[in-house]
Amino acid sequence: MAEPLLEDWLCLALYRASRAVIRSYGPLLSDAGLTYPQYLVMTALWQEDGPLGVSELGRRLGLDSGTLTPLLRRLEEQGRVERRRIDTDERRVMVHVTPAGQDLRRQVGHVAPSVARRYPLSTQEAATLHAQLCRVTRVFEASEG
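Just so you know, we're using numbering that gives the first Met the number 0 here: the sequence shown kicks off at 0 and counts up by one.
Calculated directly from the structure, the hints in this document are not laboratory data.
The structure displayed is predicted, hence computed values, not measured ones.
One or more hints might be untrue.
Distance ranges between label pairs, derived from CB positions [to be verified]:
(1) T97 x A141: 19 to 29 angstroms
(2) R90 x T66: 15 to 25 angstroms
(3) R137 x R84: 29 to 39 angstroms
(4) R58 x Y14: 37 to 47 angstroms
Cβ coordinates follow ideal geometry from the N, Cα and C atoms, glycine included.
Starting from the given sequences, assemble the full structure and let the hints guide the process.
As structure tokens, then:
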């Protein structure tokens with residue numbers, strides 16, 4: 000059986016779609032001085048509405064500490080978050096949104112809905128695609144560990 004053409008590979012379609020969607024966030028986040036990964040970190044913290052442990056933050060975003068630590072360091076340097084060790088367990092670090100980080104939320108609150116409006120999908124199609132992508136992710140992540 001002949002190998003499918005590259006343009007027919009599902010992995011290429013997923014890769015290109017991911018890059019295109021992420022790229023569409025760039026112009027909307029650049030005025031706020033945020034990258035897309037930083038935006039994801041901030042959104043996870045805003046949705047928690049309180050401090051979040053670094054390990055829990057990484058779990059929610061699917062990021063390992065080697066990727067998450069530089070993101071947090073940069074956000075901390077920008078004054079948007081603070082990392083604090085827990086007094087009772089020095090190994091655990093909690094991430095807190097600063098007042099500047101809360102101000103940022105008001106500045107970029109329109110971004111995700113603005114990008115979502117550009118998807119050429121109905122609400123039902125978007126929900127179906129989301130469920131399918133989550134399923135693919137679970138299968139591949141389970142096979143890694």
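Checked hints:
1. One distance hint, 19 to 29 angstroms for the beta-carbon pair T97 and A141, is violated here, with the actual separation near 37 angstroms.
2. The hint said 15 to 25 angstroms for the Cβ distance between R90 and T66, and at roughly 19 angstroms that hint holds.
3. About 33 angstroms separates the C-beta atoms of R137 and R84, a value consistent with the hinted range of 29 to 39 angstroms.
4. At roughly 24 angstroms, the beta carbons of R58 and Y14 sit outside the given window of 37 to 47 angstroms.
The structure fails hints 1 and 4 (numbered hints given earlier, in ascending order).
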